[in-house]
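Using the sequences and the hints, build the whole thing.
Protein chains: 2
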Amino acid sequence: MTDNPTPPTLVEHITASFERLTATEKRAARALLDNYPMAALGTAAGFASEAGVSAPTVLRLVDKLGFSGYADFQARLREELEARLQSPLQRSGSGPRESESEAHFLHRYAAQACENVMNTVRRLPATEIEAVGALLMDERRRVYLLGGRFSAALAKSFHAHLHAVRGNVQDISGQSAAWPEYLLDMRSRDVLVVFDFRRYQKDVIGFAEDASGRGATVVLFTDQWRSPAAKVAGHVLSARIDTHSRWDSAVAPLLLVEVITALVTDHRWDSIQARIKQLEGLQTQLQRHPE
Amino acid sequence: MTDNPTPPTLVEHITASFERLTATEKRAARALLDNYPMAALGTAAGFASEAGVSAPTVLRLVDKLGFSGYADFQARLREELEARLQSPLQRSGSGPRESESEAHFLHRYAAQACENVMNTVRRLPATEIEAVGALLMDERRRVYLLGGRFSAALAKSFHAHLHAVRGNVQDISGQSAAWPEYLLDMRSRDVLVVFDFRRYQKDVIGFAEDASGRGATVVLFTDQWRSPAAKVAGHVLSARIDTHSRWDSAVAPLLLVEVITALVTDHRWDSIQARIKQLEGLQTQLQRHPE
DNA sequence: CGGTATTCGTATCAAATATTACAGTGATTG
DNA sequence: CAATCACTGTAATATTTGATACGAATACCG
Numbered sequence: 016m017t018d019n020p021t022p023p024t025l026v027e028h029i030t031a032s033f034e035r036l037t038a039t040e041k042r043a044a045r046a047l048l049d050n051y052p053m054a055a056l057g058t059a060a061g062f063a064s065e066a067g068v069s070a071p072t073v074l075r076l077v078d079k080l081g082f083s084g085y086a087d088f089q090a091r092l093r094e095e096l097e098a099r100l101q102s103p104l105q106r107s108g109s110g111p112r113e114s115e116s117e118a119h120f121l122h123r124y125a126a127q128a129c130e131n132v133m134n135t136v137r138r139l140p141a142t143e144i145e146a147v148g149a150l151l152m153d154e155r156r157r158v159y160l161l162g163g164r165f166s167a168a169l170a171k172s173f174h175a176h177l178h179a180v181r182g183n184v185q186d187i188s189g190q191s192a193a194w195p196e197y198l199l200d201m202r203s204r205d206v207l208v209v210f211d212f213r214r215y216q217k218d219v220i221g222f223a224e225d226a227s228g229r230g231a232t233v234v235l236f237t238d239q240w241r242s243p244a245a246k247v248a249g250h251v252l253s254a255r256i257d258t259h260s261r262w263d264s265a266v267a268p269l270l271l272v273e274v275i276t277a278l279v280t281d282h283r284w285d286s287i288q289a290r291i292k293q294l295e296g297l298q299t300q301l302q303r304h305p306e
Numbered sequence: 016m017t018d019n020p021t022p023p024t025l026v027e028h029i030t031a032s033f034e035r036l037t038a039t040e041k042r043a044a045r046a047l048l049d050n051y052p053m054a055a056l057g058t059a060a061g062f063a064s065e066a067g068v069s070a071p072t073v074l075r076l077v078d079k080l081g082f083s084g085y086a087d088f089q090a091r092l093r094e095e096l097e098a099r100l101q102s103p104l105q106r107s108g109s110g111p112r113e114s115e116s117e118a119h120f121l122h123r124y125a126a127q128a129c130e131n132v133m134n135t136v137r138r139l140p141a142t143e144i145e146a147v148g149a150l151l152m153d154e155r156r157r158v159y160l161l162g163g164r165f166s167a168a169l170a171k172s173f174h175a176h177l178h179a180v181r182g183n184v185q186d187i188s189g190q191s192a193a194w195p196e197y198l199l200d201m202r203s204r205d206v207l208v209v210f211d212f213r214r215y216q217k218d219v220i221g222f223a224e225d226a227s228g229r230g231a232t233v234v235l236f237t238d239q240w241r242s243p244a245a246k247v248a249g250h251v252l253s254a255r256i257d258t259h260s261r262w263d264s265a266v267a268p269l270l271l272v273e274v275i276t277a278l279v280t281d282h283r284w285d286s287i288q289a290r291i292k293q294l295e296g297l298q299t300q301l302q303r304h305p306e
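Chains as they are written, first to last, in the numbering used here: chain A, 16 to 306; chain B, 16 to 306.
Quick caveat, the hints were computed from the structure, so don't treat them as lab data. Positions of the beta carbon are idealized from the N, C-alpha and C atoms, including for glycine. One or more hints might be untrue.
Okay, the calculated bits of chain A under chain B, using three or more residues with CB under 8 Å as the criterion [what the hints assert, rightly or not]:
{"#": "1", "segment": "85–96"}
{"#": "2", "segment": "125–131"}
{"#": "3", "segment": "256–270"}
{"#": "4", "segment": "277–284"}
Listed below in structure tokens is the structure:
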């Protein structure tokens with residue numbers, strides 16, 4: 016064993032050695048990381064079956080990690096667990112030496128995303144979220160969803176969930192040829208949810224303007240710099256999209272979508288429950304896997 | 016075993032039964048309470064010697080507590096430990112005396128999402144992300160994206176970005192009728208990216224298995240409980256999806272998608288730049304609004 | 001003071017578990 | 001296309017561990 020001055024945690028050690036592992040060993044390692052450290056506190060065979068591998072694979076894994084046996088491995092596991100339980104909850108898992116610039120891209124990205132989320136919700140009036148939620152709960156209003164080239168995925172996610180809890184929801188992203196028809200059908204009670212982020216798409220903005228002109232209520236998801244469509248929007252939900260990458264992040268926008276979905280779902284859950292049960296019944300092929 | 020409406024914790028159970036114990040049994044019980052639950056996570060003999068009693072005493076203790084054996088006792092112990100490990104990562108960071116229950120749903124949801132993100136990236140070997148990135152950079156490999164009912168939005172987002180930086184990317188979500196054809200075309204260099212989350216979809220899993228059988232490399236995005244498709248996946252990226260809502264959160268999974276997108280994009284940026292410029296040129300009619 | 005009952009540890013046994021050997025399988029390379 | 005190599009599960013083995021019977025020790029009661 017190497018005697019580092021600051022011994023790495025087991026999680027770090029595993030992730031560091033990860034590439035040296037074989038495919039099946041990785042599966043076992045991942046199972047452990049996924050529910051650490053519980054997965055390995057029982058017997059090796061139990062751990063193995065839970066990970067979907069054989070016991071010897073688990074044994075080979077702990078051997079590769081440098082332990083002299085499964086017992087040794089578990090001892091180390093419990094040792095760390097004890098330390099973690101005693102100090103209430105500080106840096107659970109990762110060390111303090113994690114210098115900002117040294118951290119892997121993955122971690123920097125994640126930190127940035129969390130900042131985006133926090134900055135987004137902090138600046139967002141709760142009443143705005145609730146107002147949009149209330150709007151979408153109203154089944155008398157037809158709901159149209161529209162996203163741009165990249166934000167169409169957000170519209171799609173929103174549509175999948177909204178459609179599960181209420182009717183009269185349509186995702187019209189992309190089908191710009193059919194837009195005029197939708198426009199014709201639009202009544203003043205209806206709601207158009209628009210996703211428009213940096214590099215704001217002219218056609219999307221134009222459609223929002225037209226819909227607004229016909230009396231529809233426009234709900235706009237955009238970034239902190241605000242799409243021009245904000246001018247005709249009844250509600251604007253702006254989210255942070257900063258990244259260390261060349262693309263913008265949709266994490267914070269997605270969070271807003273999910274929150275509103277949750278609000279709409281949880282409110283009047285009783286009347287929705289039946290619909291979902293029924294819907295799940297129709298999807299018997301989506302069953303959970305037996306064991 | 017016991018089906019109490021409000022199951023008492025083990026600690027409560029022990030203190031309640033404390034008086035019924037004999038002197039040395041009490042010594043063992045105290046040892047456990049003193050550093051709970053670590054003391055009993057090892058072998059019964061280890062626990063005994065640590066408590067200064069003999070192994071049979073420990074066995075008699077767990078018997079008196081109503082367990083059917085030491086294994087049963089440990090199972091319960093781990094069960095509680097798991098619950099305890101999952102919760103205590105809350106009030107980390109933000110609001111002063113912002114009471115947990117008082118905070119608006121929006122903020123609670125955001126905090127949970129950030130936890131999900133952090134817990135996801137912490138447990139994810141950086142090499143795994145990079146391996147997937149490397150796979151997708153290889154333009155000789157055709158890439159197929161497949162998501163389920165709700166996760167199709169992730170596939171769509173991934174597709175939009177991947178397709179912007181390379182060719183031979185197809186999103187085949189939903190079009191299950193056409194799957195056999197795609198299967199026929201699949202070569203052993205090809206990559207199938209599967210999104211499969213809780214309520215794992217049988218048809219998606221089946222397709223992943225078939226693709227794997229035909230030699231394709233399967234990359235699986237799933238949750239911490241892992242889709243059965245993990246068995247045939249060459250790479251598994253599991254993300255946390257916990258929420259305070261009735262739906263699962265796709266925030267952490269989206270983050271992983273974005274990180275990989277960033278890696279693929281940033282790597283070999285030069286060769287990609289031309290493609291993007293060209294692509295943007297073709298979309299001049301969709302472009303930025305004057306203002 | 002003697003007898004009895006409870007308690008506790010030692011020794012033993014049986015069951016569960018880790019470990020190792022081995023062979024089948026698939027992938028890789030020449 | 002053959003041959004080799006690496007990988008992984010099955011099965012056999014060795015070891016550990018939980019469980020139990022028994023006897024020594026102590027406290028308690030008559």
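Checked hints:
1. Given as covered by chain B, the segment 85–96 of chain A passes the check, having 4 residues with a CB less than 8 Å from a CB of that chain where 3 are the minimum.
2. Remark: the segment 125–131 of chain A is confirmed as covered by chain B, as 3 of its residues place a Cβ nearer than 8 Å to a Cβ of that chain, reaching the required three.
3. Here's how the segment 256–270 of chain A fares: 10 of its residues keep a CB closer than 8 Å to some CB of chain B, so the rule of at least three is met and the hint holds.
4. Three residues within the 8 Å Cβ limit are the bar, and the segment 277–284 of chain A against chain B gives 5, so the coverage statement holds.
When each numbered hint is compared with the structure, no violation occurs for any of them.
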